[in-house]
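Colleague: If you want the building blocks of each chain, they are given just below.
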Amino acid sequence: MPTVTVVTDVFLDLCLEVAQALGFPNLRVVVIPHPLGELRQNEVERRSKSIAPDVVKSLRASAGVVGSGEDEETPGVLEIPGGWDELNDYFHARRWTDGLPITPPERHLVARMIAAGGLPSDALVGIVPPRMGVATVENVATNAVMAGCIPSFFPVVLAAVKAVCDPAFNLLPMQATTNPVTPMIIVNGPIAKKLDINAADNVFGQGWRANTTIGRALRFVLMNVGGGIPGKTDKACHGQPGKLTFCIAENEDRSPWEALHVERGFSPGQSTVTVMGVTGTQDIIHYARTSAAEILNTLIRAIPREGYKNLYSGGEPLIVFGPEQAAVLGVEGLTKKEVKRIIFERARAPLSLFNPETIKLVKGRRPALFSGTDLPEAIPIADRDEDIQIIVAGGAGNHTAFLPTWGDTQCVTVAVE
Amino acid sequence: MVADVRQVLSPVGVQKRPDAGQGATGRAASGKAPVIGLLNNSKPNVDFFIHALKPEVLSAFSGYQTLELTKPRSAGPCPDIEALAKRCSFVINAVAD
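Protein chains in written order, with the numbering used here: chain A, -18 to 398; chain B, 157 to 253.
Don't read these hints as lab results, they were simulated from the structure.
Worth double-checking, as some hints may not be accurate.
[To be verified] Here chain A is said to cover these stretches of chain B; the calculated rule only asks that three of the stretch's residues, wherever they fall, bring their Cβ under 8 Å from a Cβ of chain A:
id, stretch
1, 161 to 172
2, 196 to 202
3, 215 to 228
4, 233 to 246
Beta carbons: idealized from backbone N, C-alpha and C, even for Gly.
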């Protein structure tokens, strides 16, 4: 079916990259100046009419040729003259790093990493968009070495790559979007302590080798195998620090509830990785809130903000209770399910916040909210109470963290083999 | 003096081969009245854009009808892509913003 694709100029690289990866190297494309979404209607119409002749011409052109299906040439082994500095310069020049130095992925280091995974080097881990790169155990190991992982971390890295490649996670648009979304890795089960994956003090921050390097390895796979290059195919407007690395363990010891992986159907003794597409972190501080009602009231008033993607797209927003806050809720006998229900019912943004165009967009993406005869008065942060995700993590202090999520993704949990 | 050379593995890997059958075939839908599909990716202003484009395109393709479809979500595939492919001779769509 001959197709003409209209794209704004800043997204042309992304359009061509994905077209080529999906077997449409001769996709007919008509380019218009960016942006379109912020223009007034008469300017949109003027721009549309101005490119109509190009659209017609493209439709009339002979059909595109089916892609040859040949793989692009990618040397598997690189010989780089010079020392550590020259090697890092080489990798930086090709945008194969995050801006920080990498550990050179020498054969013996990669082999040692592969051995820790217990799988053949050519075993398929997943297909990583937008480039549709084939993630094998070997190239995931290569990126894990670069990120500074030690071999014992590798099974967790493999599980994380497998999880983000699950279709339910919806990685292709996530890699490309202007949104700051990044996969967050949450580790559960015995492996968290075994590998010293931090679940407590400064849990979202620096200081733990496992947290920092496992998250970094995943980002390297997304960039290097998947081709998610900032400014080219990764069109994030601001991005976020979590795009460098974002990996934590749940503080299961300090939680009054079942762990995330148990909630999602795994046994407590099984080690798992859950990935969630989060758009940032918001600290919510509970001053002198010593009851469950006061803690939840603060949270409910803090989180349903205009501008959070969950309001427009639904999805699975994440709440990370600090252990002290979770303990108060647990002592008062609130189950995780009850906490979710309370937040779902009360953490809502009034529809009057939104203009008619935005309401139209929300209606398209969250039709179930508009199924009644009247417009809803307020919009919840998720479509169902069970979509709200809750874990316990962090150290001492009267804090909860709200992590809005992208909305167009579902979290995925994978066992660590 | 011979410079050191470090041998390392590439982090990039190969691309997946597109599945057989993907790619434009140039085949127009047969039998029925010719149709141009207009696929709205539900980004802001795309509806105005398409509505302005439609008469311009129809004036160049007389005898054609149009079929308009809107994806429920921008960040997801078109759920009715097969129906679109069966009914349309051509499709005009959008990528990203």
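Colleague: Hint by hint, say whether it matches the structure.
Modeller: Each hint, compared with the structure:
{"no.": "1", "hint": "161 to 172", "in the structure": "holds (count 12)"}
{"no.": "2", "hint": "196 to 202", "in the structure": "holds (count 5)"}
{"no.": "3", "hint": "215 to 228", "in the structure": "holds (count 4)"}
{"no.": "4", "hint": "233 to 246", "in the structure": "holds (count 5)"}
Checked against the numbered hints above, the structure breaks none of them.
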